[in-house]
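S.K.: Listed here are the chains, written in short residue letters.
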Amino acid sequence: MEKLTLKVDSVQLSFNDRKILQGVYLKCIQGEILGLLGRNGSGKSSLLKVIFGSLTPAFKHIDINGEFIYKGYAGNRIAYLPQHNYLPKGIKIKRLARMLVDGQWWNEFSDLPIYKDHRDKTVSDLSGGELRILETLLVLYNPADFILLDEPFTHISPVQAEFFKPLLKVVAQRKGIIVTDHQYYNVMDVSNRIIILENGYTQPANHIDDLVTYHYLSGIN
Amino acid sequence: MVPDSCILALPQRNNLSFYLLISYHNHHLKRITILTFQYYKLLLFYNVAFTVLIAKIAGPFNPATFLLAKLIGFTAAVALHYYSANKSYFYFRNAGYSIRYIILAAFLIDMSVYFLMIMLFHR
Numbered sequence: 001m002e003k004l005t006l007k008v009d010s011v012q013l014s015f016n017d018r019k020i021l022q023g024v025y026l027k028c029i030q031g032e033i034l035g036l037l038g039r040n041g042s043g044k045s046s047l048l049k050v051i052f053g054s055l056t057p058a059f060k061h062i063d064i065n066g067e068f069i070y071k072g073y074a075g076n077r078i079a080y081l082p083q084h085n086y087l088p089k090g091i092k093i094k095r096l097a098r099m100l101v102d103g104q105w106w107n108e109f110s111d112l113p114i115y116k117d118h119r120d121k122t123v124s125d126l127s128g129g130e131l132r133i134l135e136t137l138l139v140l141y142n143p144a145d146f147i148l149l150d151e152p153f154t155h156i157s158p159v160q161a162e163f164f165k166p167l168l169k170v171v172a173q174r175k176g177i178i179v180t181d182h183q184y185y186n187v188m189d190v191s192n193r194i195i196i197l198e199n200g201y202t203q204p205a206n207h208i209d210d211l212v213t214y215h216y217l218s219g220i221n
Numbered sequence: 001m002v003p004d005s006c007i008l009a010l011p012q013r014n015n016l017s018f019y020l021l022i023s024y025h026n027h028h029l030k031r032i033t034i035l036t037f038q039y040y041k042l043l044l045f046y047n048v049a050f051t052v053l054i055a056k057i058a059g060p061f062n063p064a065t066f067l068l069a070k071l072i073g074f075t076a077a078v079a080l081h082y083y084s085a086n087k088s089y090f091y092f093r094n095a096g097y098s099i100r101y102i103i104l105a106a107f108l109i110d111m112s113v114y115f116l117m118i119m120l121f122h123r
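Chains as they are written, first to last, in this note's numbering: chain A, 1 to 221; chain B, 1 to 123.
Chain A extracted, bound-state conformation (with noise of 0.2 Å):
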């Protein structure tokens, strides 16, 4: 089966005079997880949000094999996990987890002990911790072409960070994912490349080094 492009070209995004986005291209093939790593306000969840159709930018250029996407999420081409929790409160998960799940690995989407545990439950019913795994799980077995995680790894335990690393190298094989998160050294383990936004622009990342040099860390140590 043909690999899928995820192609996004510039993008221009303002807020109060300001520019944030403005010289933005980046290329996703499925298969490989691309990281996008930058300082505080450089655009990071904005870019992600233009790219799931949620924020509307006075310019853009996305397409998924040269057919231009308007909104990412329509018709399940992208799916986003933002940096807030985003299930309803008040419906059960299971009844949540029919509507966001691929039918084709539902199956082992249904024995993951955390879904088991906590399938009658509510939003309410988890601690922070579960409930971000929960999330981030079911953006993973979502049927999207294109992943696109912003902060998966802020709101968990080491251990849990270990367990999504080999389970996000196991989706990429079949998607394509974008991940963003200020904890660099987990994105980095991850990510076939690593892509930095800076003063609007994306720049690629090809050595540790470039990471001083554009600004996103003061010194390696």
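For the record, the hints were derived by calculation from the structure and aren't laboratory data.
Backbone N, C-alpha and C fix where the C-beta goes; we use that ideal spot for every residue, glycine too.
You can trust all of the hints, since none of them are fake.
Subject to a maximum C-alpha distance of 25 Å in a straight line, what follows is the list of computed DSS-like cross-link-like pairs (lysine-lysine):
(1) A:Lys71 to B:Lys87
(2) B:Lys41 to A:Lys89
(3) B:Lys30 to A:Lys89
(4) A:Lys92 to B:Lys41
(5) A:Lys92 to B:Lys30
(6) A:Lys94 to B:Lys30
(7) A:Lys121 to B:Lys87
(8) A:Lys121 to B:Lys41
(9) B:Lys30 to A:Lys121
(10) A:Lys94 to A:Lys116
(11) B:Lys30 to A:Lys71
(12) A:Lys92 to B:Lys87
One-sided excerpt, in silico: chain A residues whose CB lies under 7 Å from chain B:
(13) Gly75
(14) His84
(15) Pro88
(16) Ile91
(17) Leu100
Here are the simulated distance ranges between beta carbons:
(18) B:Met119 to A:Phe68: 41 to 49 Å
(19) B:Asn26 to A:Ile208: 45 to 53 Å
(20) B:Phe115 to A:Asn192: 52 to 60 Å
(21) A:Gln104 to B:Leu29: 16 to 24 Å
(22) A:Asn16 to B:Phe37: 38 to 46 Å
(23) B:Tyr82 to A:Asp189: 34 to 42 Å
(24) B:Asn26 to A:Ser157: 36 to 44 Å
(25) A:Arg95 to B:Leu104: 19 to 27 Å
(26) B:Phe115 to A:Val159: 52 to 60 Å
(27) B:His28 to A:Gly90: 22 to 30 Å
Here the structure of chain A is known, so what remains is to put chain B in place on it, guided by the hints.
M.R.: Just chain B, lined up with the frame of chain A:
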């Protein structure tokens, strides 16, 4: 001369396409129905509360005042949900649907409730 196999193959292929199209639409319809009822459930308490409040203020029960109460009640519930829980919109987007589409579908359910209540209680 067209071989018999081709004559037979065409309607079979059309039947398969038709079947796949119907299956796709049934699947889509089922999903949008479940998602709409899930969203409607999130609004239900405030929708009922605002509708009853406006209906009480508007005076005696009749189709016009109840329609006004229903419209204001639904709009207020949607607005309150937007301000208090718009982060959950990402759930509906990750399911593949625009939140505007879901709100429109929920509005149609609300109007169905309105017509049902008018038929039951207005003589």
